[in-house]
Each structure stands twice: as structure tokens, then as C-alpha cells.
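Colleague: Chain residues, written in single-letter form:
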Amino acid sequence: MEGRSGLGVKGVAEGDGRGARGTVEARASEAPPAAPRREPEGVHTLEEAAAIAREAEAGVVQELTINLGPQHPSTHGVLRVIARLDGETVLGVQPDIGYLHRNWEKIVEGWMYPQIIPFADRNDYISSIFNEWLVCRAVEEGLGIELTERAEVLRTIFAELNRLISHAFWFGTYAMDIGAFTPFLYALRDREWAYDLFEKATGARQLYSYFRIGGLRNDVPDGWLRELADYLDYFEREAYPEYIRLLYTNEIFIARSEGVGVIPKEVALHFGATGPMLRASGVPYDVRRAEPYGAYPRCEFEIPVGERGDNLDRATVRVKEMRESVRIIRQCLSMLPEGEVLAPKTPRVLKVPEGDLYVRVESPRGELGLWLVSTGGLGPYRMKWRAPSFVNLQLLDYMCRGEKVADLIAGLGTIDIILGEVDR
Amino acid sequence: MPPAWAAPYVAPWVWTVVLALVKLVVVVAFVLLNATVLIWLERKVSGHMQNRVGPLRVGGPAGLLQSFADILKLLSKEDYAPRRGDRWMWALAPSVAFAPALLVFFVLPFGPHLVVQDLNVGLVFVTAVTSFTLLAIFMAGWGSDDKYSLIGAMRAGAQLFSYEIPMAMALVAVALATGTLDLVALVERQRAMWLIVPQFLAFLVFYVSSIAELNRTPFDLAEAESELVAGYHTEYSGLRWAIFFLAEYTNLLSSSILGALVFLGGWNGPWLPGWAWVIVKAYALIFVAMWIRWTLPRVRIDQLMDLGWKFLLPVSLVNIAVTGLWVAVRG
Chain A
437 MEGRSGLGVK GVAEGDGRGA RGTVEARASE APPAAPRREP EGVHTLEEAA AIAREAEAGV
497 VQELTINLGP QHPSTHGVLR VIARLDGETV LGVQPDIGYL HRNWEKIVEG WMYPQIIPFA
557 DRNDYISSIF NEWLVCRAVE EGLGIELTER AEVLRTIFAE LNRLISHAFW FGTYAMDIGA
617 FTPFLYALRD REWAYDLFEK ATGARQLYSY FRIGGLRNDV PDGWLRELAD YLDYFEREAY
677 PEYIRLLYTN EIFIARSEGV GVIPKEVALH FGATGPMLRA SGVPYDVRRA EPYGAYPRCE
737 FEIPVGERGD NLDRATVRVK EMRESVRIIR QCLSMLPEGE VLAPKTPRVL KVPEGDLYVR
797 VESPRGELGL WLVSTGGLGP YRMKWRAPSF VNLQLLDYMC RGEKVADLIA GLGTIDIILG
857 EVDR
Chain B
244 MPPAWAAPYV APWVWTVVLA LVKLVVVVAF VLLNATVLIW LERKVSGHMQ NRVGPLRVGG
304 PAGLLQSFAD ILKLLSKEDY APRRGDRWMW ALAPSVAFAP ALLVFFVLPF GPHLVVQDLN
364 VGLVFVTAVT SFTLLAIFMA GWGSDDKYSL IGAMRAGAQL FSYEIPMAMA LVAVALATGT
424 LDLVALVERQ RAMWLIVPQF LAFLVFYVSS IAELNRTPFD LAEAESELVA GYHTEYSGLR
484 WAIFFLAEYT NLLSSSILGA LVFLGGWNGP WLPGWAWVIV KAYALIFVAM WIRWTLPRVR
544 IDQLMDLGWK FLLPVSLVNI AVTGLWVAVR G
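Just so you know, the protein sequences line up as chains A and B, in that order. Take the position in the first sequence, starting the count at 1, then add 436; the result is the number in this note's numbering. Take the position in the second sequence, starting the count at 1, then add 243; the result is the number in this note's numbering.
These are computed hints drawn from the structure, not numbers from a lab. Watch out, some of these pointers could steer you wrong.
Cβ pair distances, simulated, as ranges [claimed, not checked]: (1) B:V296 x A:G534: 52 to 62 angstroms; (2) B:S480 x A:G838: 27 to 37 angstroms; (3) A:Y631 x B:V268: 49 to 59 angstroms; (4) A:G523 x B:V301: 50 to 60 angstroms; (5) A:G639 x B:D329: 14 to 24 angstroms.
Here a beta-carbon is modelled for each residue, glycine too, at the ideal position from N, C-alpha and C.
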């Protein structure tokens, strides 16, 4: 483990047995077969569900097993949820994932680092800039590349702009989950301008492939920063107050969200939830604060925290985060220096020294982590993607027990999953 | 009986039959025309509320022919039926949904004499006939043998049953105040003052209940698309689905016309002819219903029940008591 000391290994303690090739299998394909999966209590396998259905037909039990998805209007992609119902009350749910599995982690093992960036975009396609940032940061940390000041600040600006987009989109879909269609189109209206900004700078609206190892592909065009400032003004003056009005003056919205899907602090921590899911339960954990990166150490911002951990708190936390994002971008704009956007000392051949490292960024959905194992080649030996939606999705069963069917959908909405990221 | 000029030429029974057929055709044409206009209007209203423009391209100014294009599309679809389930019940349900919706129009007056059948218990008839929608929804839910449909039908059953009662209670107060169940007489009594003024509570209960009866947001639990795909009509497509759709909009029209007649003074109004006033007032109520639909989220089933039994019913009972006292005191 020669290169390890110089790598700034984070997250993996020295000598805990997890390491590069030779110690423990980093690749699942090299590991011995895992122990048979134990089903969580109260949730049925498909065979059991079928048995229950047969019993129900014979009049033995009065339980209804319904299947939501993978083609269902409100599963936010191809997620399948098997729910057991007693009338309208949910007894237990089991999310069944994998319909969007693209074998991301295995495919990138054969690729060179710069090739991975566009493919990483496809993981969390609503906020893809965070995926790029993560891959770039991993390689940069491995190689010890120092970014220019301008690149760091611009990266932060783009990330926060993407967080705005993501949370606005979430706001719309959550409203749709609880039955209001109109807010969705208002959220899209606000998202559109931000997408235009992205398009002007990166050439793409959703999957940018804009960050490069060592900086950015290109500087922002002339007048772009001015337009960004206009957008922020618009967002703060018109869009944000509108979201607040929609949230806190609508009796039905409050009634549908308050006290529903409560996750206590301990449970959220126990399940390893991160992001707004965890913060809504009252834990002020944010990677931007816990392990600052980019331009965050120099920015002043608050971390909105909820109290009860219900749907309303999760909504509030996300809406408040939008305002904090605007604040961060404003500060970044004022501190943005002139200069190059690509670090001049970036090597032409990118070979991360042997060893492993863990980097993380705060995506709109939580802690997005990447465990990179290198054997010193042109590409990774292993890239383990810690997808926050995947971890947060496990809380669905806990949230929905004893609630109504409608709350199952609302709860799924407040987890804010992106199936591209869950399935990878 | 035929009038004097026709008496020598046609037998009385022929006249009766022909007259009935003409009335039937007129009512059906009126209903179908209004339904297409309503579907177009719903799209336009929702479009403009949602930062869009709604249909534009399909013929006519402002996409007026969109509904006809829709009908053509639905007609050309495959007549798909689920393999399982009760085939007869499933196939009959759309017609059962549409029949009561149509039936109501035979007693709704558009003027003192502009009515197909002036029943002296018109109010009771309308309330009774509209409850048959519940039967159709149950038939659809049961006949489909689909879990979503079944849950949707159960919800609809609970909902329609709970909201039928406050609605009837609101109309009882109206009957108490005016002393009549005849719709024509009821409108004539509103010459001096629309009933919405003294009976505002009743109007409120009636309107909320009618939105719930129509399965429109915020009370569209029976077909809640984010939960139950399409609720009781998940398994329907093509023409059968279109008939459900038609019934829904016909019910919207009839309950709005009823609201206009009972609470908004019917054909009483200056300048315009009487029937035009009825239509204008009904469309005003329809617009508000659309406004509500495209603004509010959906309530949950337990909240829906709470609203019906714990708020609307007590309010309407209090209203009946107050109205009764007022009538008794006034003599």
C-alpha cells in the first residue's frame, strides 16, 4: 500500500481490512457468494405475496397486496413497490429496484478516468453536475491537482444552480404526488431559465459533461454572470415567495403533509439517511459543512433543519435550501476572480497512484460518495458509488407503515429518489 | 294533446310520441354539445392557469374542434376488455353511469315553460337520480376485477354516500325556506332575492358536496391518478372510457345548472333571455369548479370523511334548524 499515505484517504480507516486489491475483494465479482438475503420482517417476498393472494382468494386473510409500478404514474421512474394493504392502511411495503440498472460500476472499471465523466452524469440525471464533480474530485485528490480559484468558485456556482433546479423539480413532483397538478408546471417554468443558463455555458440542458479533471471545459460566456444575477433576482423575488405561499397558505397541503411519514432522528441516523431526509429529522449534517470543498469554506450559509421529520419538514427543508443556494451563488459571484478555469499543471496522462480513497459531495439528495480503488492504471480498479437515494429509499417501509395509501405515494415523493441513481 | 291546427291531421298518441322523441333528441344534442364544449373549456382553463395555452392546432379558433378530434381518436381505438372479471357488469357500467346523468336534464327547467317535464318534486327527483352514479362506479370497480379499480370503487362508495347526505340536507333547507320542491316554482320565488343570500350556508354545503359527488379534485379520490392509476376506470379504454368521461362532464353540467336554478336565481336577470341566464350562471359555477380543480391538492380519504361527516353535515343540520325556526316565526 505504497501510494496510500500520499492519497489523503478519507472515510476508510487505516487497517480496517477494506483496501485495494490483495487484501479484501474490492470488486463484488471477486467476492465469495454472499449469504442468502434475509427479508425484513413483515415484508413478503414475491412467492409469499403470491401465497397470500391465494389465501385471500380462499377467504383466509383479508389482506390486499398491490403492485405499484414499474409502470405507474407516480413512482418517479421505473420503481416497483409491493405494498400490503388492509383496506386503505399500509401494512408494509417492499421497494423492488433494478429496472434501470445499467451496470455502471462494472462498466467504468474498463474505462479511463476522463471517459467516466459523461457516463457519471447519467446516474443522477436531475442534478448531474454533482456526479461530475464527484468523479473529478476523486481523481484530483488522487493526483493531488490544485484547482485554480476561478474553477473552484465556478464549480460551486454550477452545483448550487443545479441544486435549485433539482429542488424546484422536486417541489413540482411532490405537489403532483399529493394531487395538485398546477405547481408542477410552475416549477418547470422556474427551472427552464436555469436550464437556459446551463445551456449557454455548457451546451447541454441536462447532462452537461462540463467539469474536467483539473477544472472546467470552458469559461462561461460573456454576459452570462449578469444573466445569472438576473435569474437569482427573479427566483428570490417571485419564485421563492410563490413556493412559500403554496406551502404554508394551502390548508390541504399542510393537512396532507403534517405529521405524515414521521422519521425520528435515531431512525434516520440508523438507516444512514443523508441530505434533506436527515436534516428534516433534526440532524444538521451537511457535507458542505462537515467536510467543506469547492468554495463552500468561504461562503456563509445556513443549514435548514426540521423538527418532527414529517413530510412537511422535508418540504420545508428543501424549499429553504433553495434560498440558501441563491445566497451561496450570490457570494460566489462577488468573490469570483479572473483567471484560467483549467489547472495549468494537470498531467496529460491521468494515472491515480495505487491505493483507495473516498470522496463525497452534498448532492440535493444527500451525501453522494465515491470509493475509488486504483491499481495505478489509467482507469479505476473499482468505483463504488454511494447513491443517497438508494440509502434513503430504505426508509420507505418505515415511513409508510400504518399510513394510508395516499401517504405511501406522498412519502415516496418526499424521499426524492432518482431511479438512475438508485439502480446505477 | 295536439294543438288546434294539428288536431285534424294527427292522432293524439302520435303527437305525444313525436313530441317526446323531439324532446329526447334536443336534450341529447344539448348534453353532447355541452360536454364537448366543457372538455375544451377544461383544457383551455387548465392551460391558462398552468402557464400554457391549451389546445390550439386542431381546427377552429382556439382549438375549438379539439374535443371532436378526441372523440374520433377514442372511436378508432381497440375495444379492449379485461380477460378476468364480470364481463357483463363491466360492459354495462358506462351506460349505467351515463343514463342518470342524462335523465336529470328532463326535469331541469331553462325557463318558466322551457322544461321537458315539469315535476312538482323535481328537487327530490334530481337528488335521487344522481345517486345512481355510485352504482355505475361500483359496477365498474367490481366488474374489472382489478385491485386499483376495486380500491377506487370502494373509495367512491364511501365518498358518494357521505356527501349525498349533506347535499340532500342543504336542499332540504332550501325547500323549507321556499316551501316548494318544484324547480320552476323555486326559481319564480327568487324574483326578489336570490336564494344564495339567505341560504349561503346551504349553497356552500351544496357546492362542496357537488364537487365531491363529481369526483373532481380536491375530492377525486376514486380516480386518484397518482395513487390508483385511474381508479375505477383503469380497465376502460376507447369508447367505453369516453362514455364515462361524457357522464362526468354531463354530471358537472347538470349539478351546475341545478346550483344556478336553486341558488343563483335561475332565469331571473336583466337584458338576456331567461335560458341564457341559466347557462351563464351554470358556466360561472363550472368555471369555479375548474379553478378549484387546477389549484388544490387532493385530500386523503380520512380527511374527506372528516369533512363530510364532521363539518358539512353538522353545518347543514344547523342550517335546517335555523331555517325552520325562521319559517315558524314568520308563520
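Colleague: Decide, hint by hint, whether the structure agrees.
Modeller: Hint-by-hint comparison with the structure:
{"no.": "1", "hint": "B:V296 x A:G534: 52 to 62 angstroms", "in the structure": "violated (40 angstroms)"}
{"no.": "2", "hint": "B:S480 x A:G838: 27 to 37 angstroms", "in the structure": "holds (36 angstroms)"}
{"no.": "3", "hint": "A:Y631 x B:V268: 49 to 59 angstroms", "in the structure": "holds (53 angstroms)"}
{"no.": "4", "hint": "A:G523 x B:V301: 50 to 60 angstroms", "in the structure": "violated (43 angstroms)"}
{"no.": "5", "hint": "A:G639 x B:D329: 14 to 24 angstroms", "in the structure": "violated (57 angstroms)"}
Checked against the numbered hints above, the structure breaks hints 1, 4, 5 and satisfies the rest.
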